[in-house]
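Going down the list, the protein sequences come from chains C and L. Quick note, the first sequence lines up with residues 1 to 116 if you use the numbering used here. Quick note, the second sequence lines up with residues 1 to 115 if you use the numbering used here.
Incorrect hints may appear among the rest.
[Unchecked claim] Partial pick of chain L residues on the chain C-facing surface, computed with a CB cut under 7 Å:
no.: 1; residue: Y39
no.: 2; residue: G43
no.: 3; residue: K49
no.: 4; residue: G59
no.: 5; residue: F63
no.: 6; residue: F67
no.: 7; residue: L88
no.: 8; residue: N101
no.: 9; residue: M102
no.: 10; residue: F105
no.: 11; residue: G106
no.: 12; residue: G107
no.: 13; residue: R110
no.: 14; residue: M112
[What the hints assert, rightly or not] Take a look, some chain L residues computed to stay more than 10 Å from chain C by CB distance:
no.: 15; residue: P18
no.: 16; residue: Q96
no.: 17; residue: G108
[What the hints assert, rightly or not] A partial selection of chain L residues facing chain C, derived with a Cβ cut-off under 8 Å:
no.: 18; residue: F34
no.: 19; residue: K58
no.: 20; residue: Y61
Don't read these hints as lab results, they were simulated from the structure. Just so it is clear, the structure is predicted and the values come from calculations on it, not from any experiment. Even glycine gets a Cβ: it sits at the ideal position worked out from N, Cα and C.
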Amino acid sequence: GAGVSQSPRYKVAKRGQDVALRCDPISGHVSLFWYQQALGQGPEFLTYFQNEAQLDKSGLPSDRFFAERPEGSVSTLKIQRTQQEDSAVYLCASSQRGSNPYNEQFFGPGTRLTVL
Amino acid sequence: AQSVAQPEDQVNVAEGNPLTVKCTYSVSGNPYLFWYVQYPNRGLQFLLKYITGDNLVKGSYGFEAEFNKSQTSFHLKKPSALVSDSALYFCAVREQERAGNMLTFGGGTRLMVKP
Numbered sequence: 001g002a003g004v005s006q007s008p009r010y011k012v013a014k015r016g017q018d019v020a021l022r023c024d025p026i027s028g029h030v031s032l033f034w035y036q037q038a039l040g041q042g043p044e045f046l047t048y049f050q051n052e053a054q055l056d057k058s059g060l061p062s063d064r065f066f067a068e069r070p071e072g073s074v075s076t077l078k079i080q081r082t083q084q085e086d087s088a089v090y091l092c093a094s095s096q097r098g099s100n101p102y103n104e105q106f107f108g109p110g111t112r113l114t115v116l
Numbered sequence: 001a002q003s004v005a006q007p008e009d010q011v012n013v014a015e016g017n018p019l020t021v022k023c024t025y026s027v028s029g030n031p032y033l034f035w036y037v038q039y040p041n042r043g044l045q046f047l048l049k050y051i052t053g054d055n056l057v058k059g060s061y062g063f064e065a066e067f068n069k070s071q072t073s074f075h076l077k078k079p080s081a082l083v084s085d086s087a088l089y090f091c092a093v094r095e096q097e098r099a100g101n102m103l104t105f106g107g108g109t110r111l112m113v114k115p
């Protein structure tokens with residue numbers, strides 16, 4: 001496809017369950033980002049990959065959050081032992097070839113996670 | 001630390017009137033500035049960016065933004081609003097000299113354009 005895709009679009013989990021969220025970036029995009037968007041707020045940075053290397057994970061809120069991009073393309077954000085405060089929309093974004101920081105990021109539609 | 005403020009939660013404007021959505025930022029060095037729009041159940045869509053050069057930046061769908069370094073502002077503008085412009089707008093900043101490429105977003109401003 002032409003854009004960033006994410007799956008599933010909606011996920012309901014019981015508190016304590018593990019979840020895995022998938023992101024397919026635009027083909028050839030080197031940089032990939034994960035953001036968390038709570039209801040009524042702007043997106044907040046979680047983590048950043050350049051190819052398969054996770055260069056920044058300073059935004060991950062706890063050690064229950066883990067992200068990987070093993071082949072430098074698809075990425076998975078995993079949340080272990082989900083808590084109610086994890087309920088949010090998780091956005092994935094990718095940016096163009098190279099790591100120029102002024103390249104705009106292209107966002108996927110997000111995964112809305114609801115933890116009961 | 002870098003930060004963005006969007007002082008208005010909502011902006012109401014009549015169709016055909018000019019619109020302004022305000023954004024101010026704070027960075028230690030020089031900023032890269034971005035505007036994104038978000039429609040319901042969709043991801044953020046890029047509108048425009050300021051990197052360097054001309055302070056007036058033109059973007060998609062007739063939107064433009066003016067970079068003002070002395071006021072640390074990057075307000076989004078459009079000469080004539082359309083009902084279809086109604087959406088959630090986010091301003092974002094990245095400091096040029098800072099390692100890492102993540103964006104820091106404002107809290108968003110809901111634009112309501114009434115017929």
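Hint by hint, here is what the structure shows:
{"no.": "1", "hint": "Y39", "verdict": "violated, 10 Å"}
{"no.": "2", "hint": "G43", "verdict": "holds, 4 Å"}
{"no.": "3", "hint": "K49", "verdict": "holds, 6 Å"}
{"no.": "4", "hint": "G59", "verdict": "violated, 10 Å"}
{"no.": "5", "hint": "F63", "verdict": "violated, 14 Å"}
{"no.": "6", "hint": "F67", "verdict": "violated, 13 Å"}
{"no.": "7", "hint": "L88", "verdict": "violated, 9 Å"}
{"no.": "8", "hint": "N101", "verdict": "holds, 5 Å"}
{"no.": "9", "hint": "M102", "verdict": "holds, 4 Å"}
{"no.": "10", "hint": "F105", "verdict": "holds, 4 Å"}
{"no.": "11", "hint": "G106", "verdict": "holds, 5 Å"}
{"no.": "12", "hint": "G107", "verdict": "holds, 5 Å"}
{"no.": "13", "hint": "R110", "verdict": "violated, 10 Å"}
{"no.": "14", "hint": "M112", "verdict": "violated, 16 Å"}
{"no.": "15", "hint": "P18", "verdict": "holds, 25 Å"}
{"no.": "16", "hint": "Q96", "verdict": "violated, 7 Å"}
{"no.": "17", "hint": "G108", "verdict": "violated, 5 Å"}
{"no.": "18", "hint": "F34", "verdict": "holds, 6 Å"}
{"no.": "19", "hint": "K58", "verdict": "violated, 14 Å"}
{"no.": "20", "hint": "Y61", "verdict": "violated, 15 Å"}
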